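Asks: Sequences listed follow chains A and B, in order. Counting from 1, position 42 in the first sequence corresponds to residue 42 in my numbering; the numbering is continuous, with no gaps. Counting from 1, position 75 in the second sequence corresponds to residue 75 in my numbering; the numbering is continuous, with no gaps.
Check before you lean on any hint, since a few could be wrong.
Using 20 Å as the maximum straight-line C-alpha spacing, the simulated EDC-like pairs for lysine to aspartate or glutamate come out as follows [said to hold, decoys possible]:
| no. | chain 1 | residue 1 | chain 2 | residue 2 |
| --- | --- | --- | --- | --- |
| 1 | B | 182 | A | 113 |
| 2 | B | 182 | A | 117 |
| 3 | B | 182 | B | 193 |
Derived coverage of chain B by chain A (criterion: at least 3 residues anywhere in the stretch with Cβ under 8 Å from a Cβ of chain A; other residues may be distant) [as the list claims (entries may be wrong)]:
| no. | stretch |
| --- | --- |
| 4 | 74-87 |
| 5 | 172-182 |
| 6 | 268-275 |
Honestly, the hints are just simulated from the structure, not real lab data. Computed from a predicted model, the values in this text were never measured in an experiment. Backbone N, C-alpha and C define an ideal beta-carbon position, used for all residues, glycine too.
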Amino acid sequence: MRAIRTAAAAAALSLGALAGPAWAQAPGTVERPPGEVGSERTVGVEVKLGGFKPLIDREFGNAAGAPYATTFNDSSMLLFEGSGERQLYQAMGTAGVGVSAGYAEKYAPAVLETGADAAESTSLRLVPLSLFGVYRFDYAAHVWGIPLVPYVKAGLRYTIWWCSKGASLESTTDGGLAIGGRFGWGFTGGLSLLLDVFEPRLARDFDTDAGVNHSYLFAEFNFADVNNFYSGGFDLSGRYFTFGIAFEI
Amino acid sequence: MSLRPPISSIRVALCLAALVTAAGAGAQTTLTLNVNNGTAVAVAKDDCTRTLTVNWALAGTGQSGCSGDHADLQIWVTNNTTCGLDPASGDTLVGTVLQSTWTTTGSGSFPLTVSSLPVFAGGTCPLADTQKDMKVCGYLKTAPVVLGGQCQEVKPATLPTITYDSQAPAAPVITSVVPQDKALLINFTASTDSTLVKVAYASALGPYNDGPSGPAATGSIKLDGLDNGVTYAVLIYAEDVAGNQSPASNAEAGTPVQSYGFFEKYQQAGGQTQGCAAAPAGALPLLALVWMSRRRRSMLGGGRS
C-alpha cells in the first residue's frame, strides 16, 4: 500500500509540475519563443516502433525455466504505439499532457507434455495505454537553430493483456480466462531531430498547406514498471527503446 | 422569287429532326428479370414441388409497346445458353405481359414450379444425377412515343440462371488429422462444386456423431470438445450449393493431446495472476476509478482508509 501511495504521488507530482505553468496562461495566449516562425502549435502526434520484452520472468527471479524465456525464447515483442499530446506551455521549451496506446504480440508453439512443440500456437498480446506529461526543450531548436530537442515524459500506465492457445483464450486454473489488466507508471527520455532544418522551404509549405509546424525523427528510452505498483503477479514492466516520427500541429 | 426555302424554315426543320432523333435515342426501355430476387438459384432433387418466383420490371421514358410483333412481353426458361426472340421447342413459358397492361413502366411476377422446368421436358421430376443450368429469358419490342420512331428490341442485360442439381459432389479427401488440445484439426480437399463440409466422428465407445460444418474452401475444419488421450475416427461429407451430399470421405483416426500455452506454463511455474474470472479487462479502470473516488470521499469525511 505504501508503494502504491508513493508511486501515485510521484506520478501526480510529475503531471502537476508539467501542467502547472499552463494553468497560468489563458488559451490562445501561449507565449512563444522569440524568433519562432510559422503558425501556432497546439498539438503533437507521434507514431513509434520498438522491441519490447516484458519482465514477466522477474516474478520468478529470472530462474531457468521461467515461462516467458522458455515459451518465447526470451525474445522481444514488436511494439507499435501512437500518441497525441496537447501543448499547454511554450516558452522555455514546450510542456503538455498526452495519451498513448499501443499493441504488441508474441507467438510461439504451445508445448506437449514431452516438451516437444505442439501443433497449435500460443500467444501473449498486450495493449499498453498511458496518460503522461511531457516537457521538450525545443527553445534551442527554434531560437538558436540547433536541430536537437531532448525531452522527458512521465505518467501512469495501464496494460491490457491476454493469452491464447490456438484460436481461443487460454483458461486459468480457477476456471477463468487468461485476460486482465495491470497498472503501473513509467518515464521516458528521448532525443528528437528537427527535420525542418534540412528542407526549410518544404517545412514552411507543410505548415502553410497542412498546418504541420515541425516534423521530427526521434529515439527514446522507456522505463515502465507495470505490475500493479509492485503488488506481485504478472509483471508487464519493461526497459526498451522506441523510434518514430512526430509532428507538431 | 427564289425556289429555295427560307433559311429560317430549314433551321426549324433541322431542330425538329434533332429533337425527334434525340427523344428516340435517349428514351430506352430496360427489362430486368430475377428469380427469387436473385440472379442465380439452385434447386435440388427434392425440390420438385417447390415454386420459384420470377420477377420482371420494365422501365423507360417516352416509350410504349410496339404495335407490331412482340408487343407483349414474353418470359420463358430455356435449356440453351442463349435466348433468341421466342421460346424454343422444349422451353417453358413462364408468362406473358400484355402490352395493354403497361405504358412506360411496369413490374410484376410469375410463379414457376420446379417440376415444369425445361430440364424435365420429355421426363419427370426428379432426375437422378443431373446438373443443368437454365436461363430465364424475356423479350419484347417498344416504340418511341414520338412520330416516326422505330420499334426497338428490349432484352434483359442479365439473364438469371436456374440450376437443377441432383448430382452429389465427389467425396472429399482427408489429407491429415492434426492432434490438438481436446481437438482435432482435419485438413482436407474437396471438389470445386462443394460449398460446405460436415464432420462426423466416433470414438471406440460409440457410433458416429454429427460434428461441426464449415466452408469447403478453407481446406481445414476443427473438431473440438473432445477428450485428450481418446482416439477418434473422423470422416467428412461435402455439400454443394443445392444441398446434395457427397459420399463419405476416407476415415482417419486422431488422438487429441494435452498441450500447454504460455499462461498455463506461467501458472505451472507458480505465477500469482489468475486472469479474469469475474471482471472483464475493460472493467478494471472503472474499478480503479470507483476505488479512488471512494478513497477520496472517505478521506474528506474522515472515514477509515
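Asks: For every hint, state whether the structure bears it out.
Replies: Hints versus structure:
Under the criterion of a C-alpha separation no larger than 20 Å, the hint pairing residue 182 of chain B with residue 113 of chain A is consistent with the structure, at around 14 Å. Taking the CA atoms of residue 182 of chain B and residue 117 of chain A, the gap is about 16 Å. The hint holds against a cut of 20 Å. Between residue 182 of chain B and residue 193 of chain B the CA atoms are separated by roughly 32 Å; this puts the pair beyond 20 Å, and the hint is violated. A count of 0 residues in the stretch 74-87 of chain B with a Cβ less than 8 Å from any Cβ of chain A is obtained; the coverage claim is therefore unmet, three being the minimum.
Under the rule that three or more residues need a Cβ within less than 8 Å of chain A, the assignment of the stretch 172-182 of chain B holds, with 4 such residues. Coverage of the stretch 268-275 of chain B by chain A holds in this model, with 8 residues showing a Cβ closer than 8 Å to a Cβ of that chain against a need of three.
Against the hints set out earlier in the document, violations occur for numbers 3, 4.
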